[in-house]
Each structure stands twice: as structure tokens, then as C-alpha cells.
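Spelled out from the first residue to the last, the chains are:
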Amino acid sequence: MHLFFQELLNGLVVGSLYALVALGLALVYGTMQIPNFAHGHLYMLGAYVAFFGVTVAHVGYWPAMLLAIVVLALVGVVLERLVFRPLRNAPEVNTIIAAVGVLFFLQTLAQVWFGGDYRVFPTPYDKVVHFAGLVATQQQLIVIAAAAVLMVALFWFLKRTLTGATIEAVAQNRAGAALVGIDPNRVSMMVFAISAGLAAAAATLIASISLISPSMGFTVILKAFAIIVLGGMGSVPGAIIGAYILAFAESFGGTYISSNYQDAIAFGVLVLILTFKPTGLFAKGT
Amino acid sequence: MRRVLWIIAAAVAVAIPFLVPKTFYLQIVAGAYITAIAVYGLNVILGYTGLLNLGHAAFFGIGAYAVALLETKAGWPFWPALLAGCAASVVLGAMVGSVSLRTRGNYFAIFTAAVGVMIAIVFTNWQELTGGNIGIVNIPPPPSIGPLAFDGDVPKYYLVLGALALTILICRLVRHSLVGRTFVAIADNEDLARAAGIDVARVRLTAFMLSTFLAGLAGGMFAMYNGNLGPDQTGLDITFEQLLYLVIGGIGTIAGPLVGTLVLVGISHELQGMQQYRFLIFGPLLVLLVRFFPLGIAGGFSRLTARWAAR
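Those protein sequences? They're chains A and B, same order as listed.
Plus 3 on top of the position in the first sequence (first one is 1) and you've got my numbering.
Plus 6 on top of the position in the second sequence (first one is 1) and you've got my numbering.
Simulated from the structure, these hints should not be mistaken for laboratory data.
Wrong hints could be hidden among the right ones.
Claimed, not checked - Restraint-style ranges between C-beta atoms, simulated for each label pair:
#1 A:Trp116 x B:Glu276: 47 to 57 Å
#2 B:Ile140 x A:Val123: 55 to 65 Å
#3 B:Lys79 x A:Trp116: 39 to 49 Å
To be verified - Computed footprint of chain A on chain B; a stretch qualifies when at least three of its residues, placed anywhere within it, have a C-beta under 8 Å from a C-beta of chain A:
#4 10-19
#5 103-115
#6 147-158
#7 240-253
#8 296-303
Just so we're clear, the structure is a prediction, and the values are computed from it rather than from any experiment.
Yeah, the Cβ is synthetic: ideal placement off N, Cα and C, and Gly gets one too.
Isolated chain A, as found in the complex (with noise of 0.2 Å):
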């Protein structure tokens, strides 16, 4: 029971982590019907903004976070604007070949700026933490706090503001938001923003329990697909529990099945949707 336990706060720390990415990826494909297979890349780029605002400027933990969170919403902004602005009225095959474009560039690009080697994120949080039996480092509790503080400033913001109100007037019907004054092309930047950020939040956060390196985008990148594909694409509170969901599939069945294969379950999962439901589990009507 203890390591159920144990399990169910793992799957809390890697839920929290996929929640943040595949928010991101599902507002960027809920307003723009982008598959943005970039988007594990921009997340890889956050880890290592915020490791060289640690270890080379020493600006310190959280505004380390901030400033990956502001570059890489730069970063998406940029990609909106030059990559896939363009390519809107393009065939949806298109997009991914653009998108694969940018993340080949991104991967080289780290991998020639920061070397090929996996590196150890250093966190002021690294005490144990003991409570009732159960152990946790600090920054395991603190990525679980820290998404959930994410996700409710997010929820506010798309449903109790104005500019958050647009995003989903976009996302219902560009042509319609239009025509009532709204500049979809600025809130097309804006989303890719906040997609951006959120991947480097959840970099940051992250980073300090596992490694940083090139690479870490590829798994994650597929992940968040099974994730907004479980959660109906584009859905943002799908997203959420679908993230959850995956992280807990995980934790047990790396646990109590197979360690080897825990990779491969949110795959399984994508592939038996799919195959039963080929327009994806609660799929708005098309």
C-alpha cells in the first residue's frame, strides 16, 4: 500500500509535467488546427534557457523560470509569425513537414551550442520531505503546486478576461471573430505565446528531477499527443485529465508491470483510441 502511494505522487510530479505541455499544444491546435510537433523542442529550449540563467547569470530558481518563460514565448511568437502564418491555407501535411523543419533546427541548434551531453539542472528545493511514510523532495511538491498555480491563472485568463475571451472566439470561429473585431492573426501570436511559455515552465520545473539534453523533446513531443488525442484535440481541460490520466497509466503500470514498456503505454493508449475512435475521444463535431 505504501508504494501505491508512493506511485500515486510519482504519477502527480510526471501528471503535472505532461499537463503543462499538452496545454500548450492543445491551445495551439484548438485555435489554429496546428499539430505543432516542434513544440517538445521549444519545451527542451526552456530547460536550458533557464539551466544557463542558473549556472551562468545566477539570477536564482524563479526568475530562471521567468526568463525561459519570456524567451521561449518570443520564441513562439516568432515561429507563429515566420513558420506557420504562412502556411495557413496550405494542405495540413504541409505544417508538420514545416514543423519537423524547425525542430531539426532547434535540436542541432542545442546541440552545437550546449553539447550532446545530458546535464543536471541544480534546484535550491532539494531536501527530502517526509510525510505520513511517504517521501518527496521538495521540488517534487513544488512541481505539483506550481502547475496547478499555472493551470488556474490559465482557466482565469481564458474565461474571465477579455483577451482570454478572443483565444476561444478564435477557436470557435476564426472567420466569425473577425468580423466582430477581433485580429486573429494577434491572437494566433498571442496562443503561440502562451504555448511556449508553458513548455518552458514545465522544463523548468521539471528539469531538476530528471536531466537536461538535446533530446529530451522527442518522448515528451509524442506523450502530449496521446495526450490531447485522449483528451479530444484541441480540449483544454482534456488535456488536463488526459495528462493525468497518461502520468498515472504510467507510474502503475511501470511499477506493478513492466518497467521496460512504460514508455510505451501512452502509445498504446493513442493507438487503441484511435483505432476504435478515429476522430479521437470527444471529438467536436465535424
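Following the hints, position chain B against chain A.
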């Protein structure tokens, strides 16, 4: 004009072992041919039917591992092993295709990516069978047929060249056959094709199976040529690389996969010291190509010659 170019290309390809001084270069060219076969497979599904199979490299892996395992563990000679490898790839292709082809557009790409990564995970983790990350080594060369021996670099080169020629021939035949035309009809306008009486699901599955057949053939050739094999040949990044070659060569064209692969492999080796930097150029290049020049080299060339002819 085009026929002349093909004949010149074939003549050069046959003469290469006598022209290049070092086996090193021969190996690079043969490696490029093998990749080109796989890229032709990707072209069948993406270029002819407009569907992006992101698990393509996994089917390459199925062919390669089948050949390697049958040769090293079951003691089969190369030829039947190659047949079995292609068959395994096609059977799996039929299974994956019959499910994945029910999805559309982005879902299809994501679905096949997931299948591909799952297969790669199995290659990495089923250590007793696949040797895990180390892979399989000492795959024996093909046994000789009569006086033809296949254990040197030059004979192996010709074997790979033969497979490539066969691939191009198949693609050409299919493209100009009724089946090939239905592929394109569906890609252009699915509803119209259906209204014209085309069994869309079946035609798509045919294209998918042909595509995985070529991937399996390339994989078998890879196992044979290199004599060893690891799971890093089957990952998503390899599919992405093949996609790059295809886009640069020209999606949906007959010469595109070969031209794109040769040009990029050539450039990569020219930039020796810059190997690791090459994607700093190729990445943005891919973005620019899909935006401004989606025809690629071969497509651009045909448009150019068509303009000449019209003059």
C-alpha cells in the same frame, strides 16, 4: 529529354565502382541508394495519396530486423530472408494500414508516429531477440548465385543498385497504371473519386502496403549491406530525415526521392567538419521549401522543361 537523363544516370551508376578510387565513397553511394529506396516508399504514400506516415522508419526496421534475425538466428540464407522481410513489412503494413487509414490528416500522422515509436521501443527493449541497443552484428553476406559472389563491396553495391532500379521501375509502373491514377485522384479530391466509383479505403490500403513493402526492402538491403543493425535506424528522427530528402527532391515525382537523397547525402559528406551543423541549414530550408517551392528539385525541373517544350 527525360529518358536521356535516366539513361545517363543509369550509366554513371553502373560505372561508379570503376570511377571512385576508394571503397569509402562507394559505401556512401550505396548507403544513399538504400535510403532512397525507403524514401520511394514514403513517396508512394505521401506523394501519391497525400498521407504522411510518420512510422515509416519502423517498417524499414521490420524488414531489416527480419532479415538480420532470420539470417543470424534461424540460419536462413539471405534471399529467402529478404523475401520474408518484405513480406513481414507488408503484412504489418496491412494490419497498421487497415486501422490507421480510418483516420485523416493530422490524426493519421500522429497515429502512425505512435505506432512507429512503439515498434522502435520493442526493438530497443526486447533484448533477448534484438540485442537491445547493441543490435545485431555479423549478418552474413548473401550466398553466391552460380559464379556471382556477393561478399565484396562492389558486388554488394550492384545488388543495392539492382534493388533501387527495381524500386524505381515499380514506382514508375504503378504511377502510370490505373491504380496509380486512382491514388492521385483520391489525393486530389476524395469525394469526387468516391463518386467516380473508386473504393477509396481499398486503394489507400494498397498504397500503404506498397509503401511498407519498399520500406521493408530498404531495411533488408541495409541489414545485408552493413552486416549490422541497431534500433537507432528505426526511430522517428529517421522518418523525419527521409521526409526531408523527399521534400527537397520533390514530393510525388519519380526522380525526386533519388535526387533529394543523393543531393543531401552528397552535401552532408562535402560538409565533413560541419556534419553536426547541417540541420541548422536543412531545417530552415525545409520550412522555406514547403512555403515557396513545394515542388522540390524534380518537380521544379519538370515544370522548367514543360515551359521549354511549350515555347
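Taking the hints in turn, this is what the structure says about them:
About 23 Å separates the C-beta atoms of Trp116 of chain A and Glu276 of chain B, a value inconsistent with the hinted range of 47 to 57 Å. For Ile140 of chain B and Val123 of chain A, the Cβ-Cβ distance of about 27 Å falls outside the hinted range of 55 to 65 Å, so the restraint is violated. With their beta carbons about 43 Å apart, Lys79 of chain B and Trp116 of chain A fall inside the hinted range of 39 to 49 Å. Counting residues of the segment 10-19 of chain B whose beta-carbon sits less than 8 Å from any beta-carbon of chain A gives 0, not enough to reach three: the coverage restraint is violated.
Counting residues of the segment 103-115 of chain B whose C-beta sits closer than 8 Å to any C-beta of chain A gives 9, which meets the bar of three, so the coverage hint holds. As drawn, the segment 147-158 of chain B meets chain A at 0 residues by the rule of a beta-carbon pair under 8 Å; below three, the given contact is violated. For a cut-off of 8 Å, the count of residues in the segment 240-253 of chain B with a CB near a CB of chain A stands at 6, and the three-residue condition holds. Restraint check on the segment 296-303 of chain B versus chain A: 3 residues with Cβ-Cβ distances below 8 Å, three needed, restraint holds.
Taken one by one, the earlier hints fail for this structure at numbers 1, 2, 4 and 6, listed in ascending order.
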